[in-house]
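Peer 1: Work out the full structure: start from the sequences and follow the hints.
Residues in the sequence shown are numbered from 91 upward in steps of one, following the numbering used here.
Hints in this document: simulated from the structure, not taken from any laboratory.
Yeah, the Cβ is synthetic: ideal placement off N, Cα and C, and Gly gets one too.
One or more of the hints may lead you astray.
As the list claims (entries may be wrong) - Simulated pairs of lysine to aspartate or glutamate, DMTMM-like, Cα-Cα distance not exceeding 20 Å:
| id | residue 1 | residue 2 |
| --- | --- | --- |
| 1 | Lys-124 | Asp-147 |
| 2 | Lys-348 | Asp-311 |
| 3 | Lys-212 | Asp-198 |
| 4 | Lys-105 | Asp-140 |
| 5 | Lys-348 | Asp-286 |
| 6 | Lys-289 | Asp-311 |
| 7 | Lys-92 | Glu-208 |
| 8 | Lys-134 | Glu-156 |
| 9 | Lys-348 | Asp-328 |
| 10 | Lys-343 | Glu-283 |
| 11 | Lys-136 | Glu-112 |
| 12 | Lys-289 | Asp-224 |
| 13 | Lys-289 | Asp-328 |
What the hints assert, rightly or not - FRET-style restraints, in silico, Cβ to Cβ:
| id | residue 1 | residue 2 | range |
| --- | --- | --- | --- |
| 14 | Asn-196 | Ala-299 | 31 to 37 Å |
| 15 | Glu-185 | Ile-339 | 19 to 25 Å |
| 16 | Glu-209 | Ile-237 | 30 to 36 Å |
| 17 | Ile-346 | Asp-224 | 23 to 29 Å |
| 18 | Lys-326 | Glu-112 | 29 to 35 Å |
| 19 | Lys-280 | Asn-164 | 28 to 34 Å |
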Amino acid sequence: MKYGICNISSIPIRKEPAESSEMRTELLFGEHFKILELTERWAKIKLAFDGYEGWIDRKIIQALTESEFESINNSSCFITNQQINKVQNLTNNIEFLIGGGSSLPNFDAKTKSFNLGEEKYKLLSEFFKTDKSDLRKGIIDFATKYINCSYLWGGRNPFGIDCSGLSQISYKVFGINILRDASQQVTHGKIIEFIDDAKPADLAFFDNADGLITHVGLILDKNHIIHSSGKVRIDKIDHQGIFNEERQIYTHKLRIIKNIID
91 MKYGICNISS IPIRKEPAES SEMRTELLFG EHFKILELTE RWAKIKLAFD
141 GYEGWIDRKI IQALTESEFE SINNSSCFIT NQQINKVQNL TNNIEFLIGG
191 GSSLPNFDAK TKSFNLGEEK YKLLSEFFKT DKSDLRKGII DFATKYINCS
241 YLWGGRNPFG IDCSGLSQIS YKVFGINILR DASQQVTHGK IIEFIDDAKP
291 ADLAFFDNAD GLITHVGLIL DKNHIIHSSG KVRIDKIDHQ GIFNEERQIY
341 THKLRIIKNI ID
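Peer 2: Shown next, in the form of structure tokens:
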């Protein structure tokens, strides 16, 4: 077994091969991966989407052949653009929910059907074709669907998401692949010198006392940002950083703003 795909709503990817280990990120439905190492219970994997590595429980792996893996690599995937979606496994007729940003390989828009390896599925939810004519508006509209979603370290789903998970998934829906962590995402794009020059969906990065990038959010306008901190929320932003009006304090110190789109 060298390749696999996520055929359930999500799978936690852990730092070490143990249930008690920190969740570093999540596999979303339809995301495929290489298997780097196998133990009796665990598998170390590398995501095809962003190159992230970690450990998952091997018993929930849906295996792929090398040709199936490469076929997904070389084909287009429909990325779910609703916050919550329902799919049906046509092999066993089980229906279940998947989150936004899930991947549906070789999706047939007419029949709403697709395959994960040898398994056949159907999207039961209504869907709309992602409008990429105004990327900035689309990305922000998608991100705001997650308002009040709980913050979850390593989360990428509608019921628990971290700051860089929100930015990554919001961009993924519109065909823009960025890395997983805030410290990695800051390597993308072009620097915006002044906050007054920032546009909607630009990414703002924030550092800690040691100068390390630890937080990211999406610019809404020159005065507001959407980000995941405690929950997905909208706060004020200026050249100093994020200002929480409820607490009347700056919660994050602005380091840099990057334009990922243009």
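Peer 1: What are the numbers of the hints the structure violates, in ascending order?
Peer 2: 14 and 15
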